[in-house]
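Chemist: Sequence:
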Amino acid sequence: MSCSTYSKSEIELLSNKEILKFQELFPKITKDVLGKVDFTNPPSFVKKHYAQLWVNNIPRGKKTRAEMLILSYKFFAHDLSEENIRLSHILGWIVEIFHSAALVGRGFKNKPAVPESCSCGKDVVDLSSVNDMTFLENAAFLLTKQYFAGKSYYMDLMGLFHDANLKTSLGHRMDLMTKTTDENYSSCLSLNFYEMVVNHKSYSSVYLPVALASVMGGIDSANNSLAIKKLTIKIGMYFQTQNDFLDAFACEESSGRTSNDIAKGKYTWPLVTAYEQGNDLHRKMLLENYGQSETFKMCVVTTIFQRLDIKNLYWSYEYKSRQKINADIENLPKEIPKPLFQLLMASFYARWP
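Residue numbers (our numbering): 1321 to 1673.
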C-alpha cells in the first residue's frame, strides 16, 4: 500500500475524540509544572512571566508531533490499556514542550513582552529567550521523570531527548550560518549542506516522536531501532522539502499559505537547487537579490527560479523521494508496522492543495 491509496478523508492521524482526551490533560500538566514554580515562592511578577510563557506557547500550534507519537504508540504497543494510552498522551505533551523550548530559544514563538521601561535592549530579549528555553526544556524533563521514572524504559526516553537536543542544536547552529550576511553563506548553498542542516533540524519533528513511541511500545531491538531511525529521517527530509516548495510555489488561495521566504532570506530547497543548477550569472544575481524585501529584487529571484525550471525539478525530486521511502517501508523488518509509516506519508502527501 502506498500513500496514494488513502483518500484525504481517511488520513486524520487521530480521531476528534482522542484529540479531545489529549487536550483535556493540559490543565493537569500545567499544574504539575507551574506548581513547581509556586513551590519556590518567587515574586508574583516571576510567576506571571512563566504562566504567560506557558500559556502563550504550549497549547498553540497543530500538535503534529504529539499526534505522531500517540498514533505510533498505538501501532507499536502490546498493551493498549487506558493508563498506557493516557501516558502516551502525556508523552505527546512532553514532546510538544520540548519542541516549543527550541522555538522559544530561536525567538520564533511567543515570549512575554519585555517592559517598555527596560533600557537594556536586544541583549536582554536574547537572554530572556535563553532562560525561557531552559525553563521549558527542564519542564519537559521534570514531567518525564514524574510520569515515567518507574518505567523500565525511562532511561531510554531520556537518552532520546538528550540525543535530539544535541542534534537539533547542531542543526540550528548550521542554520545560523545560512543567513545571507554570514561570511560562509555561499559555501552553504549546496544540496549536501542543505540535507545536513535539515537532517539535524528535523530530528525532533518526525524521528523523535516515533522513536519515543517505539521505546514506550517495547521495540527494543537495535536493528529495528536503526531501521526506524533511517526511515523517519528520510520522511523528515521529504516533509521539509515539501514545506519549502509549498512556501515558494503554492497558490495562496488554494493552500492558505503566505510565503516570505525570499524576502527573509530563508534557507530552502528551491534556493540551493537554483544555486547549484545555475551558471555564474545566476549565482551572482541570487547572492545580490535573495533575502531582500524590495519587490524588484524578489522578482529577480522568482524569475531565476522560473528559468531554471525549479518547479519541475522539485516534482522529479519529490517523486523519486516518495518512491524510495515507499520501497523502504516495504522492506522494514517484520516487527515494525508498515501501515504506520504508510499513514504518516499519506498525511504529508495530502497537504498538496
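Please note: incorrect hints may appear among the correct ones.
BS3-like, lysine-lysine: derived pairs with alpha carbons at most 27 angstroms apart [what the hints assert, rightly or not]:
(1) Lys1654 - Lys1631
(2) Lys1604 - Lys1631
(3) Lys1382 - Lys1394
(4) Lys1617 - Lys1640
(5) Lys1617 - Lys1550
(6) Lys1487 - Lys1631
(7) Lys1337 - Lys1356
(8) Lys1550 - Lys1394
(9) Lys1617 - Lys1604
(10) Lys1654 - Lys1586
(11) Lys1604 - Lys1550
(12) Lys1382 - Lys1658
(13) Lys1604 - Lys1586
(14) Lys1499 - Lys1604
(15) Lys1644 - Lys1654
(16) Lys1465 - Lys1382
(17) Lys1554 - Lys1617
(18) Lys1499 - Lys1394
(19) Lys1549 - Lys1617
(20) Lys1586 - Lys1640
(21) Lys1654 - Lys1550
(22) Lys1382 - Lys1604
(23) Lys1644 - Lys1549
(24) Lys1554 - Lys1640
Don't read these hints as lab results, they were simulated from the structure.
Chemist: Next step is simple, just say for each hint if it's right about the structure.
Modeler: Hints versus structure:
no., hint, verdict
1, Lys1654 - Lys1631, "violated, 37 angstroms"
2, Lys1604 - Lys1631, "holds, 21 angstroms"
3, Lys1382 - Lys1394, "holds, 20 angstroms"
4, Lys1617 - Lys1640, "violated, 32 angstroms"
5, Lys1617 - Lys1550, "violated, 39 angstroms"
6, Lys1487 - Lys1631, "violated, 30 angstroms"
7, Lys1337 - Lys1356, "violated, 30 angstroms"
8, Lys1550 - Lys1394, "holds, 21 angstroms"
9, Lys1617 - Lys1604, "holds, 13 angstroms"
10, Lys1654 - Lys1586, "violated, 40 angstroms"
11, Lys1604 - Lys1550, "violated, 36 angstroms"
12, Lys1382 - Lys1658, "holds, 25 angstroms"
13, Lys1604 - Lys1586, "holds, 17 angstroms"
14, Lys1499 - Lys1604, "holds, 16 angstroms"
15, Lys1644 - Lys1654, "holds, 18 angstroms"
16, Lys1465 - Lys1382, "holds, 25 angstroms"
17, Lys1554 - Lys1617, "violated, 34 angstroms"
18, Lys1499 - Lys1394, "violated, 41 angstroms"
19, Lys1549 - Lys1617, "violated, 41 angstroms"
20, Lys1586 - Lys1640, "holds, 25 angstroms"
21, Lys1654 - Lys1550, "holds, 16 angstroms"
22, Lys1382 - Lys1604, "violated, 39 angstroms"
23, Lys1644 - Lys1549, "holds, 15 angstroms"
24, Lys1554 - Lys1640, "holds, 12 angstroms"
The structure fails to meet hints 1, 4, 5, 6, 7, 10, 11, 17, 18, 19, 22 from the earlier list, while all remaining hints are met.
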